[in-house]
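*Asks:* Residues per chain are reported as follows:
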Amino acid sequence: MDQNPTNRRHFLKGALVGSAAAVGGVLPNTGNAESKSTLTTETSNVNRGYVFFNLEEQSFIEAVVNHMIPADALTPKGTDIGVNIYIDRALDSGWGKGERLYNVGPWKKGLPTQGYQLALTPAELYRTCITKSNLACIDRYNKGFDQLTGDQRQEFLLALSTGKVEFVGGPSSKTFFDMLYQNVMEGMFSDPIYGGNQNKAGWKLIGFPGAISLHAQDVETYLDKKYTAPIFGIADLS
Amino acid sequence: MVTKLKETDVVIVGMGWTGGILSKELSEAGLSVVALERGDMRTAQNDYALPNIRDELRYVIRQELMQNASKDTLTARNNPSQEALPIRRLGSFLPGEGVGGSAIHWSGGTWRWTDMEFKIRSMYEERYGKKFIPADMTIQDWGITYAELEPYYDKFEAIAGVSGKAGNIKGVVQKGGNPFEGYREREYPLPPLKNILSSKLFSGAASDLGYHPFPRPAANASKAYTNPDGSHFGACQYCGYCQRFGCEANAKGGPQITVIPIAMSKPNFELRTQSWVTKVLRDKTGKKATGVLYTNLITGEEYEQPASIVLLCAFAFNNVHLMLLSGIGKPYDPVSGKGIIGKNYAYDTGVGSTLFFEGKNFNPFISAGGTNIVIDDFYGNWDFDRSGPGFVGGYIVSAGHNTALPIGYRPTPSGTPRWGSEWKAATAKWYQTAMAITTRSGVLPHRNNYYSLDGTYKNAFGQPLMQLTFDYQENELKMAKHGAEVVNRISQHLNPTKLAKASAEKRSWNVVPYQSTHSTGGTIMGTSPSNSAVNKYQQSWDCHNLFILGANVFPHNSAYQPTGLVGALAYWTADAIKNQYIKKPGLLA
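The listed protein sequences derive, respectively, from chains A and B. For the record, in the first sequence the residue sitting at position 166 is 166 according to the working numbering, with numbers rising by one throughout. Whatever position you read off the second sequence (first residue = 1), add 1000 for the working numbering.
Since the hints were derived computationally from the structure, they do not count as laboratory data. Don't be surprised by glycine CBs; every beta carbon is placed ideally from N, CA and C. A couple of the hints might just be wrong.
Said to hold, decoys possible - Subject to a maximum C-alpha distance of 25 Å in a straight line, what follows is the list of computed SDA-like cross-link-like pairs (lysine to any residue): (1) Lys1194/B with Leu118/A; (2) Lys1458/B with Arg48/A; (3) Lys1071/B with Glu1505/B; (4) Lys97/A with Leu118/A; (5) Lys1458/B with Pro112/A; (6) Lys108/A with Leu1494/B; (7) Lys109/A with Thr162/A; (8) Lys1071/B with Val104/A; (9) Lys204/A with Ala1426/B; (10) Lys1071/B with Asp72/A; (11) Lys1478/B with Glu1505/B; (12) Lys226/A with Gly1359/B; (13) Lys225/A with Tyr1124/B; (14) Lys1006/B with Gln1243/B; (15) Lys1071/B with Lys1360/B; (16) Lys1501/B with Glu1187/B; (17) Lys1165/B with Asp1141/B; (18) Lys1200/B with Ser213/A; (19) Lys225/A with Thr1433/B; (20) Lys1284/B with Glu1007/B; (21) Lys1360/B with Pro112/A; (22) Lys1200/B with Glu1187/B; (23) Lys225/A with Pro1513/B; (24) Lys1360/B with Asp236/A; (25) Lys1429/B with Leu118/A.
Claimed, not checked - Restraint-style ranges between C-beta atoms, simulated for each label pair: (26) Lys1004/B with Pro106/A: 48 to 56 Å; (27) Gln182/A with Leu1005/B: 43 to 51 Å; (28) Ser1387/B with Val168/A: 51 to 59 Å; (29) Pro106/A with Ser1530/B: 32 to 40 Å; (30) Lys164/A with Asn1079/B: 51 to 59 Å.
Unchecked claim - Taking beta-carbon pairs under 8 Å as the criterion, some of the chain B residues facing chain A (in silico): (31) Ala1049; (32) Leu1050; (33) Pro1191; (34) Lys1194; (35) Gly1234; (36) Leu1494.
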């Protein structure tokens, strides 16, 4: 075991956590401060701040959501629409803790057609795999994910998405990416009461009207016409 | 310590469409009825209310209305040489849980299966010869006829508030309906739903190419409606939250707004929720069911509910599971081909294209469960010659949006990146401007597609999980190839800006993505105990006072959705019990 490369990884992990703590202690807060300033124009349903992610995880998740959802003419960046907060809350929810998941052994690898077969809840998968992702980044780039350049982030996320990143001791990096990607999309397009999609940025992007109840007359009114009525979320109607 | 309760005339396991129908019919006939439902009591006014029902994350992604896999799931594998592993999170199929069952979250598709299904083997053998049917395709005649069921289809459609356009009234073909449907005594209870842009486009193209488009029959009330029992429906609001959701408008037909409240108004009916049935009990001869064993999920206490008649009305595979757990009938063995319980699992499959039209506004979120136009030229049309493509069965083709909830629905052309500014721009551009054309085929049964009990994994009650061995076979691939050609022909006729063509590939069933909840077979219907678990009255050959209702009695699956037949058979069985069985208990002829 002493010869095992994990020793090096443990060391690097320690170094990384240190750096994340040092840098991340400032970065996430800065991000939040920015978020607040852009959110004051419309009602936010969400308390900022994390309930699940630790400092290393906060830096990682913020870097991921801001890379996947950059600020541009179409939407604010991922942290400004709360995608990081959505994921944090989801992992702290019943879903994150394994609700509705048959989490009984024995656990075997299985075939791709047999779906998720890990013994980890979603929260445990994130906890394990964010660290492993950062270790893989250090192997490749000598830096944790949040310190990578945009091109490096892109390269790394593409490699994760195809399972080309090897996590030492498992699990498949694609399994982690698939959940992460799905959660980013949920954070962008779910109802704002869950913490993401703030100011309905995701819904505005595509013109989805939200929680609207009555469309029977709209079938004719908007037949091949742009739908222009206001967008409502659950909170607006509660 | 099991507490033995007072005997009832009838005990019903599960409270969806079939349990609801039998509860109403048999309690109205004066029998004492106890219904046991493993899930919760839910009502439209409390649980499917605005604004909270408009929540894609809660109902679609987190599956709030579905069976809870942490307590009970299935193990799965593609063939007997693989090791079956648990479906740890439901995906491919989503059985509902709670009062109303899967009828809470269905889309309302309601079809009439015809003699083409009930006489499948004899009709194919007669027309194409015995060798046309592959040796491992275990199709069989059902022993029931369309003529017997027609009044019961009619009854179910009226109760469920089905909107549609008749295509054949008393043998006379009707313009605008499905010319290939079984003859009907009268029009649908309600006119068809409105056409949305995507269904209009498809309808026009299909007509141009000589096909016969018609509106999908669906239990989505196209206007306010009162059914023959006096149950009130609101008009469908085209809200775009149909499948996976309860309906706050009471516009989607379901037992919770029709038969169940009527049963609950009877003093001789009792519904016990959070009551999980673990076994069907029998007497010493094994030929008679004596009741069921269940656990009260609130207290954990076990009860025996004795009954003169036992009705299994749970979701299709949960009925089969209960049969296997109770040891009734001989489990199916794929090696010898002997045994019945678990045999002939079948499912759905299909292919599809996506059409992108720059400049169009589909407003795909303005849609209902049934806002589709369909062609039946390659399924119900018996004149369609299968000898060239060489498959049994066929497919329907349809288009029209049913939902466009954005966590799950964001079509983009191939080559679009999965994130970043370019992804956002493409997502924004195509969300409003895409439509799909899809086929739907029933999977035909195969020797190696079956249910059994798992040897390793257990449910929350310490009972073996159901094991499902299933994969697509050559027949499905042949249907997919033929279907893809037709889909692409129609798609190209519409001349979209971009087209992601339909394609047929050999692939194995995967438990992860949602495909269909239409699981059929396992306790199949037939003409004798040697080929089936139940007779045409859904009555067990082994125990004449045990009836097993639902799509689990279908010996094969169809391109048509199953619920119309499930509902018709429920009324047919209710009549058989009321008019024949209780007068003279025994095997019905």
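*Asks:* Next step is simple, just say for each hint if it's right about the structure.
*Replies:* Status of the hints after comparison with the structure:
| no. | hint | in the structure |
| --- | --- | --- |
| 1 | Lys1194/B with Leu118/A | 46 Å, violated |
| 2 | Lys1458/B with Arg48/A | 42 Å, violated |
| 3 | Lys1071/B with Glu1505/B | 35 Å, violated |
| 4 | Lys97/A with Leu118/A | 14 Å, holds |
| 5 | Lys1458/B with Pro112/A | 22 Å, holds |
| 6 | Lys108/A with Leu1494/B | 48 Å, violated |
| 7 | Lys109/A with Thr162/A | 18 Å, holds |
| 8 | Lys1071/B with Val104/A | 10 Å, holds |
| 9 | Lys204/A with Ala1426/B | 14 Å, holds |
| 10 | Lys1071/B with Asp72/A | 45 Å, violated |
| 11 | Lys1478/B with Glu1505/B | 10 Å, holds |
| 12 | Lys226/A with Gly1359/B | 10 Å, holds |
| 13 | Lys225/A with Tyr1124/B | 48 Å, violated |
| 14 | Lys1006/B with Gln1243/B | 39 Å, violated |
| 15 | Lys1071/B with Lys1360/B | 46 Å, violated |
| 16 | Lys1501/B with Glu1187/B | 36 Å, violated |
| 17 | Lys1165/B with Asp1141/B | 29 Å, violated |
| 18 | Lys1200/B with Ser213/A | 24 Å, holds |
| 19 | Lys225/A with Thr1433/B | 11 Å, holds |
| 20 | Lys1284/B with Glu1007/B | 18 Å, holds |
| 21 | Lys1360/B with Pro112/A | 38 Å, violated |
| 22 | Lys1200/B with Glu1187/B | 22 Å, holds |
| 23 | Lys225/A with Pro1513/B | 33 Å, violated |
| 24 | Lys1360/B with Asp236/A | 30 Å, violated |
| 25 | Lys1429/B with Leu118/A | 37 Å, violated |
| 26 | Lys1004/B with Pro106/A: 48 to 56 Å | 37 Å, violated |
| 27 | Gln182/A with Leu1005/B: 43 to 51 Å | 46 Å, holds |
| 28 | Ser1387/B with Val168/A: 51 to 59 Å | 57 Å, holds |
| 29 | Pro106/A with Ser1530/B: 32 to 40 Å | 38 Å, holds |
| 30 | Lys164/A with Asn1079/B: 51 to 59 Å | 29 Å, violated |
| 31 | Ala1049 | 10 Å, violated |
| 32 | Leu1050 | 5 Å, holds |
| 33 | Pro1191 | 14 Å, violated |
| 34 | Lys1194 | 5 Å, holds |
| 35 | Gly1234 | 10 Å, violated |
| 36 | Leu1494 | 14 Å, violated |
When each numbered hint is compared with the structure, violations occur for hints 1, 2, 3, 6, 10, 13, 14, 15, 16, 17, 21, 23, 24, 25, 26, 30, 31, 33, 35 and 36.
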